[in-house]
Amino acid sequence: KQEVTQIPAALSVPEGENLVLNCSFTDSAIYNLQWFRQDPGKGLTSLLLIQSSQREQTSGRLNASLDKSSGRSTLYIAASQPGDSATYLCAVKNPQLTQAGSYQLTFGKGTKLSVIP
Amino acid sequence: DAGITQSPRHKVTETGTPVTLRCHQTENHRYMYWYRQDPGHGLRLIHYSYGVKDTDKGEVSDGYSVSRSKTEDFLLTLESATSSQTSVYFCAISESGLAGGPLYEQYFGPGTRLTVT
Chain A
1 KQEVTQIPAA LSVPEGENLV LNCSFTDSAI YNLQWFRQDP GKGLTSLLLI
51 QSSQREQTSG RLNASLDKSS GRSTLYIAAS QPGDSATYLC AVKNPQLTQA
101 GSYQLTFGKG TKLSVIP
Chain B
1 DAGITQSPRH KVTETGTPVT LRCHQTENHR YMYWYRQDPG HGLRLIHYSY
51 GVKDTDKGEV SDGYSVSRSK TEDFLLTLES ATSSQTSVYF CAISESGLAG
101 GPLYEQYFGP GTRLTVT
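The listed protein sequences derive, respectively, from chains A and B.
Numbering-wise (the numbering used here), the first sequence opens with residue 1 and increments by one.
Numbering-wise (the numbering used here), the second sequence opens with residue 1 and increments by one.
Below, computed lysine-lysine pairings styled on DSS-like, alpha-carbon distance capped at 27 Å: (1) LYS57(B) / LYS42(A); (2) LYS112(A) / LYS68(A); (3) LYS11(B) / LYS42(A); (4) LYS57(B) / LYS1(A).
I should point out that these hints are in silico values taken from the structure, not numbers from a laboratory.
Let the sequences and hints guide you as you build the complete structure.
Quick look at the structure:
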């Protein structure tokens, strides 16, 4: 059974600092990995999706990398801002088909990021 | 933002009462999902739908049923609510449940906070 771990569970950094969030998964045979942002009391916003054949994806100040063989992904945030404060979740799409012929996501528990002004 | 709404946004109910949560989408996506989010567990899939009247169970489906009579609506029913079902419930949609690129990203609604007393 796929397990996704995010360490640390919480992180506090001063504004302007570059930072890295970590995601690891136990079954390397994934199809893709998705990073989400969740603000308090809100739903999840998709940030980046990396296909299993890709090594990284970039969007603005965010860069996500994927190393399938080692079962790891990182989300790099450059020049952090107070508005980046949120919980960041990673999720992997697993290779096991469900009865209906679909592939499902397994989520990590998230890293709560606080960027201090 | 993807056009996904959930109703109600907050609900308090008593043990043993039936509860129905609604997810409505305006994106005409084929796949719809219900997740629950609990501290220490992350997001877990309850049920999902791969078309009108087509549904399948997820990881934590016991005590829940779903229905989808129209493309845009996916209902989650707790037949007899229990305190263990106190949680935040999220609906998500995707164009496809299969592995692939941006078409297969999941987009999330704002969530429903359910408290069972």
